[in-house]
Amino acid sequence: MLSLDRFKHMNLKGDLFGGVTTAIISLPLALAFGVASGAGAEAGMWGAILVGFFAALFGGSTSLISEPTGPMTVIMTAVLTTMMAQYPENGLAMGFTVVMMAGAFQILLGTLKLGKYVTLMPYSVISGFMSGIGVILIILQLAPLLGHQAPAGGVLGTLSALPNLLFDLHFAELFLGILTLGILFYLPQKYRQYVPAQLVALVAVTLVSIILFDTDSISRIGEIPSGLPSIVWPTFTAEQFTSMVIDALVLGTLGCIDTLLTAVIGDSLTRTEHDSDKELRGQGVANMISGLFGALPGAGATMGTVVNIQVGARSPLAGIIRALILMAVVFVAGGLTEPIPMAVLAGIAVYVGYNILDWSFIQRAHKLSISQMAIMYGVMLLTVFVDLIVAVGLGVFISNIMVIERLSRVQEQHVKAISDNDTDEEVPLSNHERALLEKAQGKLLFFYLSGPMIFSVSKAIARQHRYISEYKTMVLDLSDVAMLDVTVSLAIENAITDAVDANVQVFIYSPNQETSEKLNKINIREKLGTDAFCHSREAALNKALEAMSISTTQS
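Position in the sequence shown (from 1) plus 860 gives the number in the working numbering.
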């Protein structure tokens, strides 16, 4: 599973600089996501270490940085909240069991080579659920930003408790949160190129909180244990197993989408191509190990990956170095996290949520397509207020129906039925073939299909052969059919059956082997006989005329 090929473009200086830089970026995010999830800052730190290390070691990309991300944290928060509410004693262990199951699911997807299919969904759906996740992350941080613990009930619980939170807000923590957001949004770009805004906000606002406020007057994260994390053995109950599997599928699928979209961005910057299936297997291994040690799940992180590449990293060594640096921070400097205010981490999480929102598409969606805009907002609202599975499932279903409807209108133009009185130029008949058709004097129906024939055109085929009894012979030309699906095959069978029942002789020109095999599978050759299959369009027309006792020689 471990391949050294990805290390052959190693740039020691660039990889070292990439590892150091991305470790600095990851530190405040890992703390923020750990606290936001409810598992604690140490779960975020060890998630950044374990996922980052093992995904770099076993993945299929050269420069991808993996760590807990905003979308993964939102789903993990929901999982932990549900499990802890139902099983106070074992809920945390069950939540991390879901992480292990999600990793196993990712390994399965990679092993079955399904990586290329993971991101095959409309952009409006991806934009909608990602933006919805951004909104959820922002809403869930409102309570700690106002100086309170997050209320039970997730998004709806927070929104319903918001009046009480505002009535009893803690001005000191609100001030620290707003100061954090101010630094994150307004730190000049000339400073950002040297140090991440998140780290500046973390250090600066923590110092302000120490100077202005008593240690116990505001909520702080406390010291991170400096030892190795304890193993969390898989825990589940029979009645909860099904819902745990569903949660794992959601978490694993989201991780796959998040990772592969980031990997594509990385490919565009490095002019390389990642191995999707291997990357999914690597992510799966990383998440299984992370869950086993009670740490957050992760995925490919866009910001870390882009920065990693920009500073010169060209191999997975950068991701490994980054993980080792973060591990050193936990072992050596874990006590330095003790005075960090919760409001600062909430501010960082709100900033991440804001950036997850797909502003580029949101601002232009109404200009691009009203229907796609409606799908995007619908998926976003369903993600926030209902469920991610419902949102994505419904979004993909509606999008596909709309695409199929548009394709149907286009493909219906490729279903042609003409006789001697028609002069449709889109039917590729030579002058000689048109002359043969003319000899039939309107008693020969030339049925021509072209392009990919998908199930949505079956009605058009039915409409065209409705008046088949008015003819004596029919020529079915399938020479330009690129694909024939089962529904269309059966529609063609119905057309041929109607023709035979009306004593109309049928001749078929189908040079494409795949199309001919489809016809053989529904016994068309047995129904019509081998003589009905012709080697050319002209031969089919000649046979049709001979069947009507019309001479085929030129007069």
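Keep in mind that the hints were calculated from the coordinates and are not lab data.
A quick note: this is a predicted structure, and the numbers were derived from the prediction, not measured.
Using N, Cα and C, we set each Cβ at its ideal position, and we do this for glycine too.
Check the hints yourself; a few may be wrong.
Under the rule of at most 27 Å between Cα atoms (straight-line distance), these lysine-lysine pairs were calculated in the DSS-like manner [as the list claims (entries may be wrong)]:
hint: 1; residue 1: 1276; residue 2: 1303
hint: 2; residue 1: 1138; residue 2: 1381
hint: 3; residue 1: 973; residue 2: 1138
hint: 4; residue 1: 1387; residue 2: 1276
hint: 5; residue 1: 1403; residue 2: 1276
hint: 6; residue 1: 1227; residue 2: 1276
hint: 7; residue 1: 1299; residue 2: 1276
hint: 8; residue 1: 1381; residue 2: 1403
hint: 9; residue 1: 1319; residue 2: 1387
hint: 10; residue 1: 1299; residue 2: 1381
hint: 11; residue 1: 1303; residue 2: 1227
hint: 12; residue 1: 1319; residue 2: 1381
hint: 13; residue 1: 1138; residue 2: 976
hint: 14; residue 1: 1319; residue 2: 1303
hint: 15; residue 1: 1387; residue 2: 1403
hint: 16; residue 1: 1403; residue 2: 1299
hint: 17; residue 1: 1276; residue 2: 1138
Distance ranges between label pairs, derived from CB positions [stated by the list, open to error]:
hint: 18; residue 1: 1020; residue 2: 1102; range: 27 to 37 Å
hint: 19; residue 1: 1241; residue 2: 1390; range: 55 to 65 Å
hint: 20; residue 1: 1222; residue 2: 1329; range: 51 to 61 Å
hint: 21; residue 1: 1195; residue 2: 1090; range: 37 to 47 Å
hint: 22; residue 1: 1055; residue 2: 1247; range: 21 to 31 Å
hint: 23; residue 1: 1273; residue 2: 1377; range: 35 to 45 Å
Against the structure, the hints:
1. 1276 - 1303: holds (16 Å)
2. 1138 - 1381: Violated, at about 37 Å.
3. 973 - 1138: The given pair, whose Cα atoms are some 9 Å apart, holds under the 27 Å limit.
4. 1387 - 1276: Status holds; Cα separation ~23 Å.
5. 1403 - 1276: holds (20 Å)
6. 1227 - 1276: violated (35 Å)
7. 1299 - 1276: Holds. Residue 1299 to residue 1276 sits at ~19 Å (cutoff 27 Å).
8. 1381 - 1403: holds (24 Å)
9. 1319 - 1387: holds (23 Å)
10. 1299 - 1381: violated (34 Å)
11. 1303 - 1227: Since the Cα atoms of residue 1303 and residue 1227 sit roughly 51 Å apart, the hinted pair is violated (cutoff 27 Å).
12. 1319 - 1381: Answer holds: residue 1319 to residue 1381 is near 21 Å, not above 27 Å.
13. 1138 - 976: Given pair residue 1138, residue 976 holds - Cα atoms ~11 Å apart, limit 27 Å.
14. 1319 - 1303: holds (23 Å)
15. 1387 - 1403: Roughly 17 Å separates the two Cα atoms, so the pair holds.
16. 1403 - 1299: holds (13 Å)
17. 1276 - 1138: violated (46 Å)
18. 1020 - 1102: 27 to 37 Å: At roughly 28 Å between Cβ atoms, residue 1102 and residue 1020 fall inside 27 to 37 Å, so the hint holds.
19. 1241 - 1390: 55 to 65 Å: holds (59 Å)
20. 1222 - 1329: 51 to 61 Å: The hinted range 51 to 61 Å holds for residue 1222 and residue 1329, with Cβ atoms some 56 Å apart.
21. 1195 - 1090: 37 to 47 Å: Violated, since residue 1195 and residue 1090 (Cβ atoms, about 19 Å apart) do not stay within the stated range.
22. 1055 - 1247: 21 to 31 Å: Taking Cβ atoms as reference, residue 1055 and residue 1247 lie about 39 Å apart, which means the hint is violated.
23. 1273 - 1377: 35 to 45 Å: violated (26 Å)
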